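Colleague: Here's the letter readout for the chains.
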Amino acid sequence: MSDILKLDKKRLDKFVAALLSEYRLFGPVEANGLTRFAEVESADALKLDSNTDESAKGIFFPQVETILTYENGKTETPSGPDKPIAVLGIRPCDARSLLMLDKVFGTGKYNDSCWTRRYENALIISVGCNTPRAGCFCNWLDLGPFSKQGSDIALTDIGDALLVESCSEKGRGFLESSDEIPFRKPTDDDLSKAAGVREHAESSMEDKVDISSIKAVLDKSWDSSLWDELAGKCLSCAVCAYLCPTCHCFDIQDEKMPGTSRGRRIRIWDTCMAPQFTKEASGHNPRPTGKKRIRQRVMHKFNYFVDVFGEIACVGCGRCVRSCPVNLDIRYVIKRFMDAG
Amino acid sequence: MADVEQVLRETVRKLLQEQKVCRVIGYARGSSALRSTPVFIEDEKDADSLVFDITCGNNLTQYLKKCGKAGDGRVGIVAKGCDGRAVVQYIAEGQVKREGILIIGIPCEGVLDHRKACDKTQGREVSEYRIEGEKVVLKGKDFEVSLDKFDVLSDSCRRCRYPSPPVHDVFITEPKEAASQEPECKEFDEFEKLDASERWAFFENEFSKCIRCYACRNACPMCYCEECFVDQSNPQWFGKSTDLSDTMIFHIVRVLHTAGRCVDCGACERACPLGINLGLLNKKVEKEIQERFGYTSGLDPDETPAMAAFDEEDKQEFIL
Ligand code: SF4
Ligand code: SF4
Ligand code: SF4
Ligand code: SF4
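These protein sequences, in sequence, are chains A and B. All residue numbers for the first sequence refer to my numbering, where the first residue is 270 and numbers rise by one. All residue numbers for the second sequence refer to my numbering, where the first residue is 1094 and numbers rise by one.
Chain B extracted, bound-state conformation (with noise of 0.2 Å):
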């Protein structure tokens, strides 16, 4: 990734030398080998402090409406191909003009999922990797050891289509292609084959875990909502318990919020603090609008939304 990291600062340099942008959202390196943390970066003397590798796995985008104040320019954005998704899908939904934002693209091979390197560790402190192939070798104090990357990636990298972002101003190194199809996914097509009961089943196992703090809603670029309806107090919809009927609900009206809208980016499960696994239901649903509406969220910034669209033809044998 050096190389990467090379053209991104130079190229970051220079976008705020000229003023083509006021700030850009990016990543530096976080308190370890293994994290990396959002910055903001406004002095191009501050550019050598980005960083791109497998451990910048939150989704810049949600940071995009904090940080264009009106009439100071243009706002750069490190974005892989999920990030690049979320922007193109704010423009779609009006969320951000697309003239206001300048999106740097960047090749991506995939994120970090920190519990599952941290499960592979004994949760000790890993101070240095590198890639060898298909190969994450993680180096600590007292150990090393070498690990399948698949078996660390973020789920959501794994069933991941599109690497590099459907629309970008400026790229650092090469676009990569995205696949012809969604690649294959075991895990999904096992979650497919349940039955309702059983799916049913499988969340209330997971979600019984959930402590309710809001960090795969706060972390996830498509909820955006001013005030979400779980804290809305007056009139108060829902209760705020951990109670399983409260979180549940939570859960549910979440999902239906950011149908046709999520970009599978899985920053919303990299967020939960107890791996709670958030992405098949999101999936399940992206998969059902792409079925019923033909439309993927994310690729085209001047498509409608499924949900801000009605056709005549759309399916509703589902409206009793």
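Okay, chain A solo, but in the shape it has when bound (with noise of 0.2 Å):
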């Protein structure tokens, strides 16, 4: 079944009842000024019209994770999620995103069980961008506001009504055992109007740069001084890296009650944009400078990460573009290496 399914707003209660029937529901939600991610229970929650300021990455590999608890020498693992996990209302790019983390943390050659037992069987249900947003740039990246890699089901927003699509199995298969949720069958003019809609957005992106060389350019570019020019500036904040669907570091703490034998061990976000990130217990750190930061970061996203598993670790979401402290925009540093390169 790749027909198209057409949802009207109005019932969207019935979608979410019966993902909530099988799955813990995530999705973007408003709260306290910002939108972001957070666990829902009711469709009247969801905030479906733009995208979440932070990552959707945060669902499957939390900002910070209790991986074992202990107690007079004695540990204990944390068990996963009861129900596996659907995300309805992710975008394109974090659908994608989602696909590389996956590379690194799932089907690569370490699973890590923390992301596993969260993604393996996640419904992915993703909503075309219909605004795409200042500093989007999924295009570079062979993606665009409508693309489905990493999705299981699709939707598009036509007004009153969602376009339904399934992308995979699992998205099919949920479709079809769901028969409580009333779907229609779309119009010709509702198919126009997705067309319209999708259109109206691809042509609002700014213009596509091809940048398929970077991966060579980069492997020439080690010494470069525009790595100074860049660290001159770069705050060696965590914004770019923590705000990233991407970017995956991360520290390993361990915590412990004062005065008692109980703690925890968690894992937490880490950047390598921070000095602390590679000093070593010696004292010594590899990675001294914000030059040497900088380039690790660019050098991870554009070039090792294209040595090690075929692509580049960047969806174009924006957000790193958007929020830099310092408008080092990601794009103009991949542009101004290309142009020397």
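These aren't lab readings, by the way, just hints derived from the structure by calculation. Any given hint could turn out to be false.
Said to hold, decoys possible - Below, a list of computed lysine to any residue pairs in the SDA-like style, where the Cα atoms sit at most 20 Å apart:
no.	chain 1	residue 1	chain 2	residue 2
1	A	Lys316	B	Lys1190
2	A	Lys548	B	Lys1213
3	B	Lys1159	A	Arg556
4	B	Lys1232	A	Glu475
5	B	Lys1234	A	Glu471
6	B	Lys1213	A	Gly302
7	B	Lys1232	A	Lys316
8	B	Lys1209	A	Lys462
9	B	Lys1138	A	Glu471
No experiment lies behind these values; they were computed from the predicted model shown.
Fit the two chains together into the complex; they arrive one by one in their own frames, and the hints show the way.
Modeller: In structure tokens form, the structure reads like this:
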């Protein structure tokens, strides 16, 4: 069934109810001045009309995760989620990023159980971007505001209704088994509305830049003086890495309750932009300067990741573009290297 | 601002030509109409890339220590009122030498809070903007919105009393007088009316959003410690998680470390990717310091900072 279905937005509650019967459901929620992913219990809580400030990676790779607790020398590992996870309203860029993270944590050389137990059975339902935001450049990365990679089901917002399309076996299976959702057959008018929305979104993006040679260019750019220039203004904060849906470095910390034999071991996000990231126990730091750190971040995304996994570790979500406090725009960085290379 | 920019470029070109400075820290146009980006000019040919307008929100003072290598000559810095105050505070705290810095004062009309502008345009790309009196008009591919400038100004600029640096070596056009008193700030007055537990709840709510990216700290000119207490690992003083207690302790200690030093430039708040309100806490502490010690940071390079001085008359009823 590659058929496209239609669901009136008013009946989204039925879709959500069907999801809740099988899954723990996460979606974009507006609270406290931010749109971010949170667990939801009803369709009313969902905010589907704009992308989230933070990416979706935290659902599967939380910023802080207890990997074990200990007491009197005995350890215990927390169990995974009781139900599989469904995400409703993730954007195509974030859906795509999960496939990348899965290469690192799931299907690659190492199997990270904390990741796998969440992602393996997850149902990813994306919604296309009718209005790409300033800074979005997924089109540079062979994606687009309506791409479906990483999605099990893809939604298109056509005003009063959503068009619903399955993109994987898992997605198809869910739609076929959920006969209580009042899907309808879209009319020709609906389909042309969807095409219009898509076209408008695609044409509203800035022109695509061909960056297919970036890996080769960076191969030759280790000693470029551009690194110094970029490092000059970079603040070495973690905005870019923590908002990024594909950055995946972490630190492990043991926290013991003072005066007890109790504690926890946590895994927390970390970033190569921080000077402490590579600091060794001896005090030696192999990446002591901002130049070396920014080189690491750019190289990891646009060179090393390509070497190891055959693709660029950026989906063009634009979060770092929008939020870098000093406007160190990754698009500009790439362009500068391409121009020089 | 065009005039100001022309004069600025001309001035910087001359300063470099005459070797009065070895480099100038300023702003260049960023990757969109509403963004600027810090730039370091060493070659007079590059002076034309300098800009100055409402998008110039970074506090450039935090680059001073990175930028001045010994024996290099003087470093010029383009300074709005708050940047200038931070430079003054650096001098008072012995972080830079007065003669090593050339302060290029620039008249400031307040800077944009990028997030506020973004909200008003539903995140769409703004390709140009113009100022029309008290209005800012933002224009994109298929839209144009006219907004009250006040609504998109950074909070700290709304309550700014010192639009020009208190000390300067050259000034681009004319300095603006400091206001005779603090401009009225409804938000702060409301905040002050809250009792302690309500204030605590307010900050819990704000800091529950914090992802500990430390952009606030790293954008802050006054957070210049070689190693921040939260980064120390031997011993490690505080937890690194985003549990509320860990996050709160970071912010509480940071605000204590910047007490009597913070110049209310708002760079921290503008740097925060999640729009967390840091300014009210800073402002509250600034006011406490003013009331207790009669000290305002960043005004007089020769005055001993409040936290570096002790006077028998200092109020100390809070010591149990
Ligand atoms: S590039 Fe920007 S967001 Fe990233 S560490 Fe540097 S200043 Fe922070
Ligand atoms: S590098 Fe920037 S644009 Fe690319 S995926 Fe990460 S946050 Fe998004
Ligand atoms: S704490 Fe914030 S407002 Fe105060 S000096 Fe630092 S960046 Fe500026
Ligand atoms: S910039 Fe914002 S999110 Fe980052 S550490 Fe500071 S308050 Fe937290």
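Colleague: Are the Cα positions of lysine 1138 of chain B and glutamate 471 of chain A separated by 20 Å at most?
Modeller: violated (39 Å)
Colleague: Compare the distance between the alpha carbons of lysine 1209 of chain B and lysine 462 of chain A with 20 Å, and conclude whether the hinted pair is satisfied.
Modeller: violated (32 Å)
Colleague: Does the alpha-carbon distance linking lysine 316 of chain A and lysine 1190 of chain B stay inside the 20 Å limit?
Modeller: Measuring from Cα to Cα gives roughly 53 Å; hence the hint is violated.
Colleague: Going straight from one Cα to the other, do lysine 1232 of chain B and glutamate 475 of chain A come out at no more than 20 Å?
Modeller: Judged against 20 Å, a Cα distance of about 16 Å means the pair holds.
Colleague: Could you grab the alpha-carbon distance between lysine 1213 of chain B and glycine 302 of chain A and see if it respects the 20 Å cut-off?
Modeller: Holds, at about 13 Å.
Colleague: Starting from lysine 1159 of chain B, check that the Cα of arginine 556 of chain A is at most 20 Å away, please.
Modeller: holds (17 Å)
Colleague: Quickly compare the C-alpha distance for lysine 548 of chain A and lysine 1213 of chain B to 20 Å and report which way the hint goes.
Modeller: Roughly 43 Å between the alpha carbons, so the hint for lysine 548 of chain A and lysine 1213 of chain B is violated.
Colleague: Given the hint that lysine 1234 of chain B pairs with glutamate 471 of chain A, test it: the Cα-Cα distance must not exceed 20 Å.
Modeller: holds (13 Å)
Colleague: Between the alpha carbons of lysine 1232 of chain B and lysine 316 of chain A, is the straight-line distance 20 Å or under?
Modeller: violated (26 Å)
Hints 1, 2, 7, 8, 9, counting from the list given before, are not met by this structure.
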